[in-house]
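K.L.:
Below are the chains, spelled out letter by letter.
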Amino acid sequence: MDMLAGKVKMTQQSVNTAMNPADALERPIRLTARDVTVHYGAKQALHGISIDIPDRAVTSFIGPSGCGKSTFLRCINRMNDTIEGARVGGTIKLDGEDIYDPSLDVVELRARIGMVFQKPNPFPKSIYENVAYGPKIHGLARSKTDMDEIVVSSLRKAGLFEEVKDRLNEPGTGLSGGQQQRLCIARAIAVGPEVILMDEPCSALDPIATAIIEELIDELRENYTIVIVTHSMQQAARVSQRTAFFHLGNLIEEGVTEDIFTNPVNKQTQDYIMGRIG
Amino acid sequence: MNSLVIAGLLLVLLGLAYQSGWSRSRGLSTANGVKVHSRPQYHGSYVAIWTLVPALIIIALWAWLGDGITHNFIVSQIPVETVQSLDQVGLNATIARIRSLATGYGVAGEILPYEQTAGDALRSFQFITFLIVVVAAAVAGIVALLYARGRITARLRARNAVERVINIALLACSAVAILTTVGIVASLVSEAYKFFTFIHPLDFFFGTVWNPSFSSTGGAAHGQYGLLPLLVGTLMITLIAMLVAVPVGLMAAIYLSQYAHHSFRAVAKPIIEILAGIPTIVFGFFALVTVGPFLRDFGSLVGLDIKATSALTAGIVMGIMIIPFVSSLSDDILNQVPRTLRDGAYGLGATKSETIRNVLLPAALPGIVGAFLLAVSRAVGETMIVVLAAGNSPVLRGNPFEPVATITVSIVNQLTGDSDFAGPQSLVAFALGLTLFVITLCLNVFALYIVRRFREQYE
Numbered sequence: 001m002d003m004l005a006g007k008v009k010m011t012q013q014s015v016n017t018a019m020n021p022a023d024a025l026e027r028p029i030r031l032t033a034r035d036v037t038v039h040y041g042a043k044q045a046l047h048g049i050s051i052d053i054p055d056r057a058v059t060s061f062i063g064p065s066g067c068g069k070s071t072f073l074r075c076i077n078r079m080n081d082t083i084e085g086a087r088v089g090g091t092i093k094l095d096g097e098d099i100y101d102p103s104l105d106v107v108e109l110r111a112r113i114g115m116v117f118q119k120p121n122p123f124p125k126s127i128y129e130n131v132a133y134g135p136k137i138h139g140l141a142r143s144k145t146d147m148d149e150i151v152v153s154s155l156r157k158a159g160l161f162e163e164v165k166d167r168l169n170e171p172g173t174g175l176s177g178g179q180q181q182r183l184c185i186a187r188a189i190a191v192g193p194e195v196i197l198m199d200e201p202c203s204a205l206d207p208i209a210t211a212i213i214e215e216l217i218d219e220l221r222e223n224y225t226i227v228i229v230t231h232s233m234q235q236a237a238r239v240s241q242r243t244a245f246f247h248l249g250n251l252i253e254e255g256v257t258e259d260i261f262t263n264p265v266n267k268q269t270q271d272y273i274m275g276r277i278g
Numbered sequence: 001m002n003s004l005v006i007a008g009l010l011l012v013l014l015g016l017a018y019q020s021g022w023s024r025s026r027g028l029s030t031a032n033g034v035k036v037h038s039r040p041q042y043h044g045s046y047v048a049i050w051t052l053v054p055a056l057i058i059i060a061l062w063a064w065l066g067d068g069i070t071h072n073f074i075v076s077q078i079p080v081e082t083v084q085s086l087d088q089v090g091l092n093a094t095i096a097r098i099r100s101l102a103t104g105y106g107v108a109g110e111i112l113p114y115e116q117t118a119g120d121a122l123r124s125f126q127f128i129t130f131l132i133v134v135v136a137a138a139v140a141g142i143v144a145l146l147y148a149r150g151r152i153t154a155r156l157r158a159r160n161a162v163e164r165v166i167n168i169a170l171l172a173c174s175a176v177a178i179l180t181t182v183g184i185v186a187s188l189v190s191e192a193y194k195f196f197t198f199i200h201p202l203d204f205f206f207g208t209v210w211n212p213s214f215s216s217t218g219g220a221a222h223g224q225y226g227l228l229p230l231l232v233g234t235l236m237i238t239l240i241a242m243l244v245a246v247p248v249g250l251m252a253a254i255y256l257s258q259y260a261h262h263s264f265r266a267v268a269k270p271i272i273e274i275l276a277g278i279p280t281i282v283f284g285f286f287a288l289v290t291v292g293p294f295l296r297d298f299g300s301l302v303g304l305d306i307k308a309t310s311a312l313t314a315g316i317v318m319g320i321m322i323i324p325f326v327s328s329l330s331d332d333i334l335n336q337v338p339r340t341l342r343d344g345a346y347g348l349g350a351t352k353s354e355t356i357r358n359v360l361l362p363a364a365l366p367g368i369v370g371a372f373l374l375a376v377s378r379a380v381g382e383t384m385i386v387v388l389a390a391g392n393s394p395v396l397r398g399n400p401f402e403p404v405a406t407i408t409v410s411i412v413n414q415l416t417g418d419s420d421f422a423g424p425q426s427l428v429a430f431a432l433g434l435t436l437f438v439i440t441l442c443l444n445v446f447a448l449y450i451v452r453r454f455r456e457q458y459e
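Sequences listed follow chains A and B, in order. For what it's worth, the numbering used here labels the leading residue of the first sequence as 1, then goes sequentially. For what it's worth, the numbering used here labels the leading residue of the second sequence as 1, then goes sequentially.
Hints may be right or wrong, so weigh each one.
Claimed, not checked - Lysine to any residue pairs mimicking SDA-like chemistry, simulated, CA-CA at most 25 angstroms apart:
1. Lys194(B) with Cys442(B)
2. Lys157(A) with Asp206(A)
3. Lys43(A) with Gly90(B)
4. Lys119(A) with Gly174(A)
5. Lys352(B) with Ala141(A)
6. Lys352(B) with Met147(A)
7. Lys119(A) with Arg452(B)
8. Lys43(A) with Thr340(B)
9. Lys194(B) with Leu179(B)
10. Lys119(A) with Arg453(B)
11. Lys43(A) with His261(B)
12. Lys93(A) with Met147(A)
13. Lys352(B) with His39(A)
14. Lys119(A) with Thr91(A)
No lab work stands behind these hints: they were computed from the structure.
Based on the provided sequences and hints, a complete structural model is requested.
P.N.:
Next comes the structure, spelled out in structure tokens:
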């Protein structure tokens with residue numbers, strides 16, 4: 001705990017003297033994880049992860065396949081609950097409130113922490129209904145006009161509205177991969193979350209669609225706390241302000257993105273970034 | 001006995017041939033840089049096929065022609081004047097007696113001397129022809145074996161030849177299935193056509209009275225063959241069965257695939273599927289003895305006049321019979337919906353039942369509809385339950401509490417007992433069968449079309 005706080009302080013200093021003084025670091029902490037462990041049956045997937053995630057910034061999790069970065073991401077909105085045999089230990093707090101508290105309503109939690117998945121997964125419904133689904137189940141719209149407004153503004157925020165405005169009633173599955181993924185982002189935004197989790201959102205997309213999504217992430221950061229898991233170190237470097245490196249179920253190093261990429265403290269991080277592991 | 005000997009012979013030939021081809025292949029020289037084309041087991045199979053085919057052809061020829069030859073032999077053994085004095089039926093009876101004598105089982109009544117000698121002669125004839133066939137098959141096999149073995153060289157494409165034979169064998173097997181279907185349809189159509197020479201198709205398809213008279217004394221008094229009462233009965237029972245099976249089966253599938261703990265599922269799914277293994281006659285019995293009386297008593301309690309054997313009884317029991325069919329298919333289809341879709345809904349904060357209602361079921365709907373249509377076509381063709389529990393009353397009415405008759409039951413009624421396939425009384429069964437076939441065919445085609453569309457969406 002103390003060590004970690006020290007490290008955060010240290011990275012703050014290094015950034016203050018470096019080139020990126022404005023962002024991320026003066027921001028308040030939104031999510032705090034302490035000693036988070038996950039077991040799938042007998043197998044331990046995470047060994048005590050502790051990390052602080054700042055408000056309205058992009059934090060990226062990098063690391064080789066199977067390192068636990070997606071598992072940890074899925075702990076944050078309790079998606080691991082849906083996997084049979086998964087057990088989560090430790091604490092994760094959102095604004096100081098324990099999200100694993102038995103009295104907490106997981107449905108409400110997931111409305112506050114939205115998620116975008118690796119493979120675009122629009123529902124087999126129309127584009128409009130895809131976006132309207134979340135607001136509908138949470139009762140966010142009083143009238144049809146309210147709903148129209150939510151749908152349009154969500155699609156606008158996801159940068160998709162101009163492309164689909166004439167075919168809102170066509171199936172969402174008919175869009176291209178990149179458009180589907182932006183539809184999924186719009187769907188997540190429509191519920192009005194505070195945090196958006198993205199699990200390798202571009203891994204199924206081509207470079208052009210990827211660039212559009214990355215630009216979008218950069219815009220969304222002004223209003224949302226974003227956590228993104230990515231395979232691509234370049235992507236982490238491009239979109240995130242903070243980066244955490246996971247390896248074999250451990251959080252090896254975490255800090256300001258610039259530092260992690262130019263001046264990693266840990267040898268393993270260095271090896272990974274140089275392409276020697278993973 | 002004879003067939004055992006032949007099978008043994010073929011097996012020995014097969015083993016010999018395979019071994020011989022295999023060892024020959026192993027002995028092939030590759031010294032001067034020639035690569036052996038096929039592996040030894042292909043050379044073995046190559047020789048084995050070459051050996052087996054001539055032997056099989058000889059045996060098949062005997063199976064095809066042997067009976068006629070034996071028949072002629074027996075006739076030649078009967079004195080000419082006896083043959084002339086007998087009519088066809090009498091001759092056949094005599095031949096059957098001689099055959100029985102030859103097998104040594106003996107016959108009823110007094111044995112005539114010529115019968116005894118003919119029987120003895122037949123026995124030795126059968127023995128000799130059998131020996132000839134076996135030896136001929138063996139010789140042909142061995143000759144072919146030697147020929148095929150001689151053909152083996154390093155560059156012989158034995159693998160390609162064997163693969164081609166396998167290809168042909170598989171094609172032949174699927175051809176059997178297809179040709180059988182074609183044959184059945186053809187016989188249905190031709191017999192139904194004969195029926196329609198007696199009864200006008202319009203009277204059949206749109207007739208409202210089903211009263212086939214069996215007293216075929218007068219040429220004109222064929223009775224009335226209106227399909228509608230049977231069709232209505234069939235559809236009514238099917239509808240009731242689906243009303244039972246669809247909700248129960250679907251809910252069971254949802255529970256099993258989404259809610260149940262996997263250890264419960266591991267026990268419950270096989271148990272539900274056992275229900276599908278119960279013979280339908282047992283369900284019919286259950287309907288007749290338990291469900292029918294229960295429904296009648298229940299009806300009198302609430303002031304409804306429900307007959308013990310009625311469309312309701314048969315429909316409910318048939319529905320129970322179809323439950324595992326519906327639940328098992330729906331369960332598979334629900335599990336085919338990609339996990340990412342469910343995750344997407346959960347990620348938005350949807351509850352379990354919201355996810356199922358709004359995402360899972362709509363996504364699985366085409367597949368589930370396909371499953372239902374397959375279940376319907378089963379219900380339409382179901383016979384035993386209806387024979388026992390529906391009351392067999394071919395009267396056109398819409399009350400499910402009354403007895404009805406279905407197409408299948410009427411087929412059973414028209415074909416059981418003494419029937420003469422020249423009159424419409426029996427031929428109508430083919431017209432009914434054809435109608436049933438067309439109904440289930442349309443349902444199946446439609447169901448497969450829907451299921452395929454569903455698959456395309458997610459694969």
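K.L.:
If you check each hint against the structure, which ones fail?
P.N.:
3, 12 and 14
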